[in-house]
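Q: Protein sequences, first through last, are from chains D and S.
So in the working numbering, the last spot in the first sequence is 264, and the numbers never skip.
So in the working numbering, the last spot in the second sequence is 299, and the numbers never skip.
Just so you know, not all the hints are guaranteed correct.
[Unchecked claim] Simulated coverage check for chain D against chain S, where a stretch passes if three residues somewhere in it have a Cβ under 8 angstroms from a Cβ of chain S:
#1 105-115
#2 178-192
[To be verified] Using C-beta positions, here's what the derived DEER-type ranges look like:
#3 224/S / 111/D: 51 to 61 angstroms
#4 185/D / 210/S: 51 to 61 angstroms
#5 224/S / 115/D: 41 to 51 angstroms
#6 151/D / 150/S: 22 to 32 angstroms
[Claimed, not checked] Away from chain D, derived, C-beta distances all over 12 angstroms, residues of chain S:
#7 1
#8 227
#9 265
Worth flagging that the hints you see were computed from the coordinates, not collected in a lab.
Glycine included, every Cβ here is placed at the ideal spot set by N, Cα and C.
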Amino acid sequence: MLQVSQLRKVFCNGNGMAKVALDNVDLHVEVGDFITIIGSNGAGKSTLLNAIAGVYGVDQGQIRIDGVDVTNQPEHRRAHLIGRVFQDPMIGTAASMSIEENLAIAVKRPERLGMAKGVTGRERARFRELLALLDLGLEDRLHEPVGLLSGGQRQALTLLMATISTPKLLLLDEHTAALDPKTAEQIGELTRKIVLGRRLTALMVTHNLQAALEFGNRTLMMDQGQIVLDLRNPRRAKMTVDDLLQQFMSVRGERFLDDRALLA
Amino acid sequence: MLWSALVGTIEQGLVYGVIALGVYITFRILDFPDLTVDGSFPLGAAVVARFIASGGSPLAGTMLALGAGIVAGLATGFLNTKLKISGLLSGILTMTALYSVNLRVMGRANIPLLRKPTLVNWFGDFGLAPWVLFLVVVLLTKLALDLFLRTEIGFALRATGDNEQMIRSCGVDTDNMKLLGLGLSNGLAALAGALVAQYQGFADVGMGIGTAVAGLASVIIGQALVRFRGLGWATTGVIIGSIVYRVAIFAALRMGLAPTDLKLITAILVVLALSAPTWKGLLEKFWGGKRRATGIPTA
């Protein structure tokens, strides 16, 4: 489904200092894989997701989604293949537009937009059904601007928008990190329900080692722009959070001390 | 005397309402502070005046003006989206360039249209006052805009002004949306310029100064007066705002202000409206602080 080969991305700051964000990353993702990605800050997790989504170009390497080489396609051109949920609940939705208008934009992701009516009655009925599945009461608030929703509600809506047109690939970038623990858990459950229920292929970045093992079928650990650990079953099934922490420590060495606060 | 002056004021409010709708598209929907309209408004006037003066039909000239305005907007959009020049500067650059273009189009600084066929005269021949023409144009523009903003592309345009990241990840090329919005907005400004030239009987190269700010003032007044939610109301508010703005200007003139002071008044009006949240915060802080000072003795 996703084939990333020899991907390299270097960021330069204004002083000419270069930082290798992705260091010749190779990744092969099968259809239906639900992969969790962990790593400390600056490990390259978000950069990998952004590179796959096309937010910026890469310096080297190739990205193929479902057999199509998208390496040089701009973000909007490959958007029909990809659904995304961001860490910031504000980014995934347009605040001044209503719930149904946001959904209408998302549902037409694979199509060329035209001068047809933005929301049709049939779409509205479908949106209502899908929103009811979220169990947040949003099905009765179709006409309300998204800006009135809470962070958790917005994130649930973003998740629905990202998956409504069945993307080939779902990219989740710490999408529960900005939420309170209870809401984070709800969004986590919803994510699991949608990804497994619809058999989506997903990459999920998380800081939560517990979640990294609980969710999905494969776990990657990144460090300094490289994938340093690729856990699959049956080995992964036997892993505990402590084991993972040990792995993390051995990879990070002395720098681990700095990460402790993050992983607590 | 007063009555006819008031009718004239409302006529102005209606025709300048077309520009206000254009400014609403860029400033409010697209969140793009576009100053191109200061150049595209006189561009529309220049094109129609030159066209009519050389014996062309007023209707064709007006359409030509509309097209010229769209091109001007696209030029600003090109500078911003393709050459990555900031939005504000892109508009200023196009506006500045248009000053020379407008002089080239007209061949001189001023073209009179006295005793020439104009759309206003055509309507007059049917016994219809200019306000009928302007009302028809501004209402058609408003209705078309309302409908457009409810289409798929209209959704994409609104989302581009709201959240670029979101709409790009939904597969929309935001560059194209900005080009579209700027083209539409400046097309409307030039259309209004063409109508104003035919209404006042001349085109002048200096007539565009302050167009964007006046349009913005109309949008702000409209938003303050019409507080219903929904798109249909927003555009209605813009037109009402434009009329109220012209009436306010008329009142200021009657009170003895010189016409040359009006730009200052307009600018101050917009500054006050835009800084209202800051003033509110400062006032609350002041009163709050004072209350604390009297209530709790300082250590």
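Q: Does each hint hold? Answer for all of them.
A: Checked hints:
no.: 1; hint: 105-115; result: holds (count 8)
no.: 2; hint: 178-192; result: violated (count 0)
no.: 3; hint: 224/S / 111/D: 51 to 61 angstroms; result: 39 angstroms, violated
no.: 4; hint: 185/D / 210/S: 51 to 61 angstroms; result: 56 angstroms, holds
no.: 5; hint: 224/S / 115/D: 41 to 51 angstroms; result: 32 angstroms, violated
no.: 6; hint: 151/D / 150/S: 22 to 32 angstroms; result: 28 angstroms, holds
no.: 7; hint: 1; result: 46 angstroms, holds
no.: 8; hint: 227; result: 15 angstroms, holds
no.: 9; hint: 265; result: 31 angstroms, holds
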